[in-house]
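K.L.:
Now for the letters of each chain:
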Amino acid sequence: MTDVGDFPKDAVSGITPDEWEHLASHFEVGRDIMPHVLGASIGIEYRPARALLLALGMFGLAENYLYVYHVCTEAPLKARKLSEGFEPLPWTCPYCEQSVVSRSELRYDLVCRPTVAIRFV
Amino acid sequence: MAKLTEDELINVLADALKLVRDQPKKAGVLAPLLYEPRARLPGLLQDLEVFVAKANPTREERVAAGILLEQLMLVTFAGLRYDTIASYQSAGPQIDLLVNGSELTWQSVASYLRIDPQRRGIVVEAKATEAPVSTAQFLRVCALMQVNLATTVSLGVFFTIKGATGFPDEVRRRSVSDARLEQMLFMARHRLPVVVLDLDDIRQLNAPGALVQILAAKVQEVEACTGMRLEMVDARCLPDLPDHLKNLI
Chain C
5 MTDVGDFPKD
15 AVSGITPDEW
25 EHLASHFEVG
35 RDIMPHVLGA
45 SIGIEYRPAR
55 ALLLALGMFG
65 LAENYLYVYH
75 VCTEAPLKAR
85 KLSEGFEPLP
95 WTCPYCEQSV
105 VSRSELRYDL
115 VCRPTVAIRF
125 V
Chain D
185 MAKLTEDELI
195 NVLADALKLV
205 RDQPKKAGVL
215 APLLYEPRAR
225 LPGLLQDLEV
235 FVAKANPTRE
245 ERVAAGILLE
255 QLMLVTFAGL
265 RYDTIASYQS
275 AGPQIDLLVN
285 GSELTWQSVA
295 SYLRIDPQRR
305 GIVVEAKATE
315 APVSTAQFLR
325 VCALMQVNLA
335 TTVSLGVFFT
345 IKGATGFPDE
355 VRRRSVSDAR
365 LEQMLFMARH
375 RLPVVVLDLD
385 DIRQLNAPGA
395 LVQILAAKVQ
405 EVEACTGMRL
415 EMVDARCLPD
425 LPDHLKNLI
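Each protein sequence line maps, in turn, to chains C and D.
The first sequence begins at 5 in the working numbering and counts up one residue at a time.
The second sequence begins at 185 in the working numbering and counts up one residue at a time.
Quick caveat, the hints were computed from the structure, so don't treat them as lab data.
Check before you lean on any hint, since a few could be wrong.
Below, computed lysine to aspartate or glutamate pairings styled on EDC-like, alpha-carbon distance capped at 20 angstroms [claimed, not checked]:
#1 D/Lys202 <-> D/Glu190
#2 D/Lys209 <-> C/Asp10
#3 D/Lys210 <-> C/Glu109
#4 D/Lys402 <-> D/Asp427
#5 D/Lys202 <-> C/Glu49
#6 D/Lys402 <-> D/Asp385
#7 D/Lys210 <-> C/Asp10
#8 D/Lys187 <-> C/Glu91
#9 C/Lys13 <-> D/Asp206
#10 D/Lys238 <-> D/Asp382
#11 C/Lys13 <-> C/Glu25
#12 C/Lys13 <-> D/Asp199
#13 D/Lys187 <-> C/Asp113
#14 D/Lys187 <-> C/Glu109
#15 C/Lys82 <-> C/Glu101
The task is simple: from the sequences and hints, build the whole structure.
P.N.:
Structure follows, in structure tokens:
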């Protein structure tokens, strides 16, 4: 049986009751969720979406990651734990196999990976 | 989808965090993005352990330790998201380190440390002496901040092995004296924190975020002692509450 964790809605502001209503179905244990997905599916803005994903990490209900992108391709190339910070350079891109020495070639986005089933209370 | 540069990510996450209710873990979320230990740090830390394990270091070894601590200081502060890092020499003979920036990310560092956003430089001095930093040595950095770097720097840092005189160690110290007294006076008069890192602090520096978390905690501690801005140390105060109050929260 999967563990269940409660997340208090009052820990994050800027999310409407209607948005809270629709949020729960988007969180599954082990499935990565990004701010723009919440934006596209339930219309929640990036700022509160990011706040929620970070708060889930702080409450121990999820692990926050950063997707790492290189300018050579659209797809994310790896995920790093947020607690480990940015990718140290030099870094060899697994896609174009070039050695990356400049931070300006890398892009990031926030990801949230739930570790328990989340109930918004 | 938002693909963000490092600077952009720090700024949007800092902005998003304003929507999250305050709680102890909130402060640590951004720290790993603001301080990344450099690759050379672990080796230098090992060398430092070798030195501190020596019971009776020779004069040569002590000189070498001084150089080592200065190297450690530079490599540590180079892990911050700074714009400029330079050695600074006032009219006196001593060389210190000046770390500064103007970009948004450095402003995030300044905001994380709760130092003045306009006067956001940091001056650092390494002291590998056998004795803790004395009142006179402490005052020299205070004077530097107030006289030479009065419009650009608002945080002073001592990077030491033995700490400074009069600072609390294992037990709570209710009286103040020596360098600790000067620290409190300088804070009260000029609202400028000068903090002291010792060997225990330096040993923790190889973790992402460690430097900004240690500095922020120390800045808060100086403020708390002077009775200013107590509201922001609430989370840290909890374990410090006596039993009959602790259980109520």
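K.L.:
Each of the hints needs a verdict: does it hold here or not?
P.N.:
Going through the hints against the structure:
no.: 1; hint: D/Lys202 <-> D/Glu190; verdict: holds (19 angstroms)
no.: 2; hint: D/Lys209 <-> C/Asp10; verdict: holds (17 angstroms)
no.: 3; hint: D/Lys210 <-> C/Glu109; verdict: violated (29 angstroms)
no.: 4; hint: D/Lys402 <-> D/Asp427; verdict: violated (25 angstroms)
no.: 5; hint: D/Lys202 <-> C/Glu49; verdict: holds (14 angstroms)
no.: 6; hint: D/Lys402 <-> D/Asp385; verdict: holds (10 angstroms)
no.: 7; hint: D/Lys210 <-> C/Asp10; verdict: holds (18 angstroms)
no.: 8; hint: D/Lys187 <-> C/Glu91; verdict: holds (15 angstroms)
no.: 9; hint: C/Lys13 <-> D/Asp206; verdict: holds (14 angstroms)
no.: 10; hint: D/Lys238 <-> D/Asp382; verdict: holds (17 angstroms)
no.: 11; hint: C/Lys13 <-> C/Glu25; verdict: holds (11 angstroms)
no.: 12; hint: C/Lys13 <-> D/Asp199; verdict: holds (19 angstroms)
no.: 13; hint: D/Lys187 <-> C/Asp113; verdict: holds (6 angstroms)
no.: 14; hint: D/Lys187 <-> C/Glu109; verdict: holds (11 angstroms)
no.: 15; hint: C/Lys82 <-> C/Glu101; verdict: holds (14 angstroms)
The structure fails hints 3, 4 (numbered hints given earlier, in ascending order).
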